[in-house]
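So the sequences go chain by chain: A, B and C. If you're matching positions, the first sequence starts at 1 in our numbering and goes up one per residue. If you're matching positions, the second sequence starts at 1 in our numbering and goes up one per residue. If you're matching positions, the third sequence starts at 1 in our numbering and goes up one per residue.
Keep in mind the hints are simulated off the structure, nothing from the lab. Because the structure is a prediction, the values reported are computed rather than measured. Be aware that a few hints might be false.
One-sided and incomplete, this derived list gives chain A residues near chain B with beta-carbon spacing under 8 Å [claimed, not checked]: (1) T71; (2) F74; (3) A79; (4) P87; (5) L136; (6) L154; (7) R156.
Using N, Cα and C, we set each Cβ at its ideal position, and we do this for glycine too.
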Amino acid sequence: MPESKDLWQTLLASGEIFATEEDYEHGYVREVRGDLEQYIAFQVAGETYGVSIGQIAEISKPMTTTEVPRTADFVLGIANVRGSVIPVIDAAARLGLSRRPRTRSSRVLIVRHEGELHGILIDSVVGVVPIAPEHLEEAPGAIGGTRGDFIQSLARYEDSLLIVLDLDVLLDPRDFLSVPAPVRAKA
Amino acid sequence: MSQETGRPSSEFLSEASEVVESFSRDLLELDAQQRKGDYDPDLLNAAFRAIHSLKGLSSLFGAAPIAALSHALESALDSLRLGRIPLSQAALDLLFESVDTFQRMLAAVGAGEDVPRADALLAQIEALAKLEASAAAPPPTLAGLDDAVLGVLTEYEEHRLRENLRLGRKLYRVHASFDLMAIDVGIESLKNKMKAFGEVITYLPSADASAEDRIDLDILMGSDASLEQLTAGVGEDGVDVAEIATEREEARPMSEPSAPAPTARVATETRLRPTAPPVSMEDEGPSQPELSLRSVSQTVRVELSRLDHLMNLIGELGVLQASLVSSLEPLRALAGTADVSREFRVHLRSMDRKLSLLQQGILDVRMVPLGQVFDKLARVVRKLGREADKEVRLNISGADTELDKLIVEELSDPLMHMIRNCIDHGIEPSQDRKDAGKPGVGRIDLRAFQKGNRVVIEVEDDGRGMEWREIRQTAVRRGLVDDAASRELGMPEVLDFIFVPGFTTRESATSVSGRGVGMDVVKTNIARLSGMIDIDTSPGRGTKFAITLPVTLAIIQALVIQSARRTYCIPLNSVLESIMVQRSEIRTIEGHEVISLRGKTLPLLHLDRIFALARGKGERDMDRFYVVIVGLAQHRVGLVVDELLGQQDVVIKPLGRALRAVPGIAGATEIAGGRTVLLLDVSKLVEESITRPDKSADRREVARA
Amino acid sequence: MADLVLLVEDSRAVRDFVGSILELAGDYEVVEVENGFDALRALPRSEFVLVVTDVNMPDVNGIELTRFIRQSPKHQGVPIIVISTDALHPDVQRAMQAGASAFLAKPFSEEEFLATLAKVRSPNRVES
Numbered sequence: 001m002p003e004s005k006d007l008w009q010t011l012l013a014s015g016e017i018f019a020t021e022e023d024y025e026h027g028y029v030r031e032v033r034g035d036l037e038q039y040i041a042f043q044v045a046g047e048t049y050g051v052s053i054g055q056i057a058e059i060s061k062p063m064t065t066t067e068v069p070r071t072a073d074f075v076l077g078i079a080n081v082r083g084s085v086i087p088v089i090d091a092a093a094r095l096g097l098s099r100r101p102r103t104r105s106s107r108v109l110i111v112r113h114e115g116e117l118h119g120i121l122i123d124s125v126v127g128v129v130p131i132a133p134e135h136l137e138e139a140p141g142a143i144g145g146t147r148g149d150f151i152q153s154l155a156r157y158e159d160s161l162l163i164v165l166d167l168d169v170l171l172d173p174r175d176f177l178s179v180p181a182p183v184r185a186k187a
Numbered sequence: 001m002s003q004e005t006g007r008p009s010s011e012f013l014s015e016a017s018e019v020v021e022s023f024s025r026d027l028l029e030l031d032a033q034q035r036k037g038d039y040d041p042d043l044l045n046a047a048f049r050a051i052h053s054l055k056g057l058s059s060l061f062g063a064a065p066i067a068a069l070s071h072a073l074e075s076a077l078d079s080l081r082l083g084r085i086p087l088s089q090a091a092l093d094l095l096f097e098s099v100d101t102f103q104r105m106l107a108a109v110g111a112g113e114d115v116p117r118a119d120a121l122l123a124q125i126e127a128l129a130k131l132e133a134s135a136a137a138p139p140p141t142l143a144g145l146d147d148a149v150l151g152v153l154t155e156y157e158e159h160r161l162r163e164n165l166r167l168g169r170k171l172y173r174v175h176a177s178f179d180l181m182a183i184d185v186g187i188e189s190l191k192n193k194m195k196a197f198g199e200v201i202t203y204l205p206s207a208d209a210s211a212e213d214r215i216d217l218d219i220l221m222g223s224d225a226s227l228e229q230l231t232a233g234v235g236e237d238g239v240d241v242a243e244i245a246t247e248r249e250e251a252r253p254m255s256e257p258s259a260p261a262p263t264a265r266v267a268t269e270t271r272l273r274p275t276a277p278p279v280s281m282e283d284e285g286p287s288q289p290e291l292s293l294r295s296v297s298q299t300v301r302v303e304l305s306r307l308d309h310l311m312n313l314i315g316e317l318g319v320l321q322a323s324l325v326s327s328l329e330p331l332r333a334l335a336g337t338a339d340v341s342r343e344f345r346v347h348l349r350s351m352d353r354k355l356s357l358l359q360q361g362i363l364d365v366r367m368v369p370l371g372q373v374f375d376k377l378a379r380v381v382r383k384l385g386r387e388a389d390k391e392v393r394l395n396i397s398g399a400d401t402e403l404d405k406l407i408v409e410e411l412s413d414p415l416m417h418m419i420r421n422c423i424d425h426g427i428e429p430s431q432d433r434k435d436a437g438k439p440g441v442g443r444i445d446l447r448a449f450q451k452g453n454r455v456v457i458e459v460e461d462d463g464r465g466m467e468w469r470e471i472r473q474t475a476v477r478r479g480l481v482d483d484a485a486s487r488e489l490g491m492p493e494v495l496d497f498i499f500v501p502g503f504t505t506r507e508s509a510t511s512v513s514g515r516g517v518g519m520d521v522v523k524t525n526i527a528r529l530s531g532m533i534d535i536d537t538s539p540g541r542g543t544k545f546a547i548t549l550p551v552t553l554a555i556i557q558a559l560v561i562q563s564a565r566r567t568y569c570i571p572l573n574s575v576l577e578s579i580m581v582q583r584s585e586i587r588t589i590e591g592h593e594v595i596s597l598r599g600k601t602l603p604l605l606h607l608d609r610i611f612a613l614a615r616g617k618g619e620r621d622m623d624r625f626y627v628v629i630v631g632l633a634q635h636r637v638g639l640v641v642d643e644l645l646g647q648q649d650v651v652i653k654p655l656g657r658a659l660r661a662v663p664g665i666a667g668a669t670e671i672a673g674g675r676t677v678l679l680l681d682v683s684k685l686v687e688e689s690i691t692r693p694d695k696s697a698d699r700r701e702v703a704r705a
Numbered sequence: 001m002a003d004l005v006l007l008v009e010d011s012r013a014v015r016d017f018v019g020s021i022l023e024l025a026g027d028y029e030v031v032e033v034e035n036g037f038d039a040l041r042a043l044p045r046s047e048f049v050l051v052v053t054d055v056n057m058p059d060v061n062g063i064e065l066t067r068f069i070r071q072s073p074k075h076q077g078v079p080i081i082v083i084s085t086d087a088l089h090p091d092v093q094r095a096m097q098a099g100a101s102a103f104l105a106k107p108f109s110e111e112e113f114l115a116t117l118a119k120v121r122s123p124n125r126v127e128s
């Protein structure tokens, strides 16, 4: 994985990182199949998660955050990105997984949700993955330590499972405040 | 064959909105005047013209329902201005309703949705237009005017001439010659003079054969004044006044200094109505020249997001400039750089000055007059008054006081709430008022004025006021405060209870019932604007709310402080003073830490405690603290912090939806050095200190004297 | 050198609409003014090949403006198109009597405007 300042651009440019067997069978399948959805795959606490490319504005190296009092543990704080102030959360803490120490591969995914930018700290980026609709499955209850609420669907690629996250749940504002503000009851 | 242009453009929307706003303003004035018995026909004509424009606009841009409604209204207004139907309250009601309808329609257009039809309203308007008054006395003949003149008047202008005659006024022709380039200025001044004497009907231009850069105007007007009076008032070099006789013997006095002796006999005899001078709406401010609110010819409409972008850039420039200054510091020590360094600093100072001017310039662009909101409220008062079957009059002053556009927009809901409460619960029914010796018509005063770097908006009524003792009892009943403590509270503290969410006292049908509805929302909204709200009431006499707001939001002056190694900003507006305090000066009363300041007790709030800021091991307990004294209405609280880092201008950036609701945090700011620092919400913190005791209240020490 | 057209109309949106039609129709340059006074000021400054004016304007209305133009030696023969929202209104008749060359009732389409334009500018039009 090239270590470059603009990882995002690199990924987009390189494109064909994960071509599947099927792709070769059909030739340049990306041109032929218009319904492949692209996802950014990334690692959190040893598991692989994904978010649709359309929701990602930028992938950045971790930045300084300013702590905000009275917020939940998973809220790292706020950061100044492209002139706006955005909240940054720790994906592992949010998903209820064990946190790993930061490394050189740690990144912050800047996602666009309901018109606003949010930052999500992850362990590392795996790459761009095209997924065919027939490979998406409904999620069963929980997967490992991750509560089912956060999972939008499961996708198979190569031999592994990609857990596609539901940003509506992940970034639900009601959970950002710490008690005693009312917290949404979790299943 | 209508023009299909697809989606109407944003220029259409913006112009259409302006027209509707202008129409609404005219209606409000007409309404007030009509109640007094006589109204200025110019206003009705202006209303007609506005709808006429709207009709043309909307038909050209394919907004059919708006065009249809405008068309119906235009006919009705034409009949109204030509005197064929009377301007009754019922007619005005329909006109006001159409304003609301137009706004709904335009909103739908803007949102790309289907425009709602207004069939019921259309039917009512058409019914109104058919109500032609039975033929009055035959219209007076205009024999004194030759056909050449009559032929170029519009039907409306002709009607106004006859109408003036019918009212018993004399018709005059004022002849003036103007320098073509300065025609606007010349006309303005002459027009103002003429308006003082009567009604200006039309301007007839004719070419001046002698000079190509001059133009002659014959102005027709109607007036009660005599020829001598009018000439004295209006005449000057180059201006002649002649009376138009309505009998045939008159010649055409184009440029003679005085007309033949007037033998004007009016074709119809008596005056039907005393001609009162145009009455202005209840405006306690200095009297406005007639055109001030409506001359928008030199304005530009700007998207607020563009201004925000500019503000951001300016803020960042300011931060950069501060960084430049501090980067230069080390250079001073270097030998041989004194001259260069000095030159640099001179330039930086100049840059600083220009930046301030630029900043102020952009802030000024965002400023809009409160009149925008006040006009809306005037309509609301009218509607609610009728719904509640109470007579209420709204007095407005200071409508041209300006505030940042965002603030003005956020104010409309809270003000609306307050006025609604006022009408529903504050103002008594007319008979009750008379029984109490008050005038039958309730009064609401809406005032705005600037006070230092703040703006104050007052809403005052002369209604029944609030029985604060009852409020206190209700608060005790609801467990908000215990009985003993409640007796210690003065009226201001008791009144604050009405801001507690859900504080409605439906059990008692007294002055307090319902007052609490929405007041907590009002307070939250105002606090979000870094504002404060104060109440003053006098049972039986009325209540006054005063809202104090900073003039602008985007860049403010802030006090930067530090607590437990975290940095925060406090809006300077909210800071009353900052002092240094020794640990020994702090006393504890019933579990609350306080200090004594100039004879008064000041409760303290430790920022690190209320925010649960962890302190590092080995941080020594301090002997001295800084206390930043902040105020909220009558409450003062001292915020205890570790360090004061100075005052500076900071750019406020909104927090996203996720963090907006964190209690005690108003937003984020960028301070010099580029750091992002949280801005404290003073009013929330103070409120917490009142309703929730500081956690230091573990030890119950007896107060030391 | 472009031909100059004087457009007298207080609605900004309508000015844009008509102005853009003219500019696309040919080598026209449009001088836009908002009211009769401004029109009076603009007239002496240039030679106009066409005047388009709204009929119903406050102070100096379109009829008065038309008569003024017809009486002034410099602009006498200029074609004048008056715009109104109602073709049957007496004001339109008065405008025609005062010397307007043609009228257009709102709403009108681009085609209608161009047709009227062609008619008033053609060499065999009748002088009012």
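Tested hints:
1. T71: At about 6 Å, which falls below the 8 Å cut-off, the nearest Cβ of chain B leaves the hint on A/T71 intact, so it holds.
2. F74: 11 Å, violated
3. A79: 7 Å, holds
4. P87: 5 Å, holds
5. L136: 28 Å, violated
6. L154: Violated: closest Cβ of chain B sits about 27 Å from A/L154, beyond 8 Å.
7. R156: Given a least distance of 32 Å, the restraint on A/R156 is violated.
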